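Novice: Based on these hints, arrange chain B with the ligands on the given structure of chain A.
From first to last, the protein sequence lines stand for chains A and B. When the count follows the working numbering, it moves up by one through the first sequence with no breaks and lands on 303 for the last residue. When the count follows the working numbering, it moves up by one through the second sequence with no breaks and lands on 237 for the last residue.
Since the hints were made in silico from the structure, they are not lab data. Keep in mind that this is a model prediction, so the values were computed, not measured. All residues carry an ideal CB built from backbone N, CA and C; glycine is no exception. Relax, there's no trap hidden among the hints.
Computed cross-link-like contacts, DSS-like style, restricted to lysine-lysine with a CA-CA straight-line distance of at most 30 Å:
1) Lys219/B <-> Lys266/A
2) Lys197/A <-> Lys137/B
3) Lys24/B <-> Lys263/A
4) Lys219/B <-> Lys197/A
5) Lys10/A <-> Lys208/B
6) Lys24/B <-> Lys8/B
7) Lys150/A <-> Lys266/A
8) Lys212/A <-> Lys232/B
9) Lys219/B <-> Lys212/A
10) Lys208/B <-> Lys148/A
11) Lys273/A <-> Lys8/B
12) Lys74/B <-> Lys44/B
Chain B stretches covered by chain A per the calculated footprint, using a threshold of three residues with CB under 8 Å from any CB of chain A:
13) 115 to 125
14) 128 to 135
15) 144 to 156
16) 197 to 210
Computed, partial: chain A to chain B, Cβ under 10 Å:
17) Ala64
18) Gly124
19) Val132
20) Ala134
21) Ile171
22) Gln234
23) Ala283
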Amino acid sequence: MAKLLLIAFQPSDALMGAGFAQDLGLPFDILAVTGQVDVDLGAESILSAGLPDVPPADGMALSLVSVCSGYSHIACVASMRSKDVLGRLAGLLDAAMVTDALGLQSPTLFTRPMVAGSIVATVEVLAEPVVITFRPAGFSKPKRGGSSAIETAALDGATQARRISATGRSGGRPDLSQAKVVVSGGRPLKDAETFERLVGGLADKLGGAVGATRAAVDSGIAANELQVGQTGKIVAPDLYIAAGISGSTQHMAGIKDSKVIVAINKDADAPIFQVADYGLVADLYDALPELTQKVG
Amino acid sequence: MRILVPIKRVIDPYAKVRPLPDGSGIDTAGVKFEMNPFDEIAMEEAVRLKEKDPSVEIISVSVGSAECEEQLRKSLAMGADKAVLIESQSVLDSPGVARELEALVRELQPDLVLMGKQATDDDNNQAAQMLAARLGWPQATFASKVELTSGSVRVVRETDTGEETLELSLPAVVTADLRLNEPRYIALPGIIKARSKPLERRPAAVNAAPKTRIVKFEQPPTRSAGKRVASVDELVTALKDRGVL
Ligand SMILES: Cc1cc2nc3c(=O)[nH]c(=O)nc-3n(C[C@H](O)[C@H](O)[C@H](O)COP(=O)(O)OP(=O)(O)OC[C@H]3O[C@@H](n4cnc5c(N)ncnc54)[C@H](O)[C@@H]3O)c2cc1C
Ligand SMILES: Nc1ncnc2c1ncn2[C@@H]1O[C@H](COP(=O)(O)O)[C@@H](O)[C@H]1O
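Chain B extracted, bound-state conformation:
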């Protein structure tokens, strides 16, 4: 059983970010970069599946700049057996990422691709579904529980109205939602120890032309602080005056 876990390097999800003054990008000065939190959950899930079944092999992959090595090292420390860095100079959109991942999947033939539901920088929520479509594999997005059986995977997934349970034949693509698990904490020594694990670099295979381009980055219209009310009575009056009660 082989599991592929795609990992994106993203702006620290807890950092306050703003656009550059000229709107040409995001001001990343002094901002840390982290493993996309949903990919960390996917990675944790893969490790738990391996703990149950030691024959599971985990390969992590990141598409991007050389700096993605930092996040791949962390995935190795969490329990991946091997990592692949697909180096791409240009920042790819989700269709572009899906195509690079597709090429790798066709080569490595994993039984399961476990990825994040969305990258917290672009908030696209696209790459996994596009990858599954290109491969013709079944998909289960927003997973909150994953169980492997022989030849299939059973996934409890969150939906707009609650949850549903799907059984997918393998190979399949599954994306992690927040409640799938709580990733383990990896201390720095663990990351240093994982330095002996293999990390392969290779150039992007497809280099697809982008299908979208961001032409402007702006600050959203901000809401400003309104009025403090001193009591529930004052609140009720204010809301009535405002016409929302």
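For reference, chain A alone in the conformation it holds in the complex:
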């Protein structure tokens, strides 16, 4: 029977994924791996596992196998975690897989980006089950209402990996992939302190998240998890402010779904200006402090 299992490693995954689930048009259940998810997202049932945290991929995927039996579609919001775990789950289930779905035409026809977003491919799924990671921006805002039944799910697969340490998200800033405002900085930011003061300062004033280019991360002025782009986070805010960013294909691949893009760059010919809604040719060392002062 055609039915979707929407996996929520954390409660926000359910909120971000309900639009996809509703657009797919199949009946669906939500598996809440940790925490509790809202009951009015349109799911028939919520399978609540109540784990304190998500185990390493091998154990997590193994425990998902039995829960997934009977579903034709298994999906989760795209993230590093979901790619880690769902890729393995697809291997265990001998399933088809679609990474980073942008949209759908039917339960077996999805669009997705390839080659750093230079190509949008329409992918036909030829096998069942299919495991999908998707980017929420291309799907509807979920309609809320009704109330799902709550059941418990046992997730107890053994892991062959030992987690020695892990860092959580630092600071009180919103999560990059969910933020309404993102301020990003590139290579010209001198050092970590300057990056935090100028880029972080504006982000905080706007209640937004901070992002960075690979060049900024590689030169040690921004943390790894802030990288936005083909191989970093995909963002879809209402407002994306890019300061000192040239606009490489790889960086653009991560910001295309933003509603409004603002570029601040001192080079009037920087490629980012070809895609920005508002372009300001200026030195970021002048423009960012002034902007921080004048907003809000």
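Specialist: Structure of chain B with the ligands alone, referenced to chain A:
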């Protein structure tokens, strides 16, 4: 200690690519092909592990057309001891690649498979996890640091919220992220010199039926240049008018 490094031949990651006018594929006219950059990082890591421990043997493998030899030669020049080209006429999806690699792993029994986190052409990020699942081996994706100890590998891996350190018993599958290392530069003479190293060709072992098929290749909706603003004040006004401030 034996390390297997799967390498994909991909469109030059710095090339601007577009779909063919009829949407049946990607226009590759005049485009160069390269070693997938993440596989190059995986290869570099294997070479560094070998530099620390000369008993390490590195075997590189590519699944695809005869032209993959070019990328395998480069891996030999970087320091692989031997290369295997699994020739497949059809372009395999990631589950198909994972099955070919699985068959090779069962034969060669490496202690570690070090691969890229994703191929920059399909951007799938699937094959490694599928391979690890099929083998029942532990996995660490998105590695930014890899240390071998006897019987296990310790990996620092990037996560959505920062990083974590995992210790995996061997054998295991590890995928390279960008910050694992900076691959060495290999000049052409090095590649020519590596011609004496062994490169074995063999037909695909499984030839699994594809589970997905791309039916259309299109250009993404392009964003067009908006408006230049002359000052921060003008920018603030524009953003307020637009309703995003
Ligand atoms: C496989 C692969 C994956 C990649 N993945 C990613 C990814 O996920 N994300 C990513 O971002 N990159 C990625 N990259 C790297 C990408 O190709 C670019 O190198 C990178 O995005 C450039 O970062 P940048 O814009 O900060 O630096 P640059 O390209 O150096 O641009 C700096 C810009 O700052 C401007 N500038 C300088 N000084 C000032 C000033 N005082 N005020 C205002 N403007 C100033 C300059 O005019 C210039 O336009 C990847 C590359 C590869 C090969
Ligand atoms: N045709 C191939 N030949 C060898 N290795 C491959 C091939 N396709 C994928 N891989 C490996 O699997 C990783 C992930 O690929 P993908 O799932 O396509 O993103 C790559 O970085 C390679 O290490």
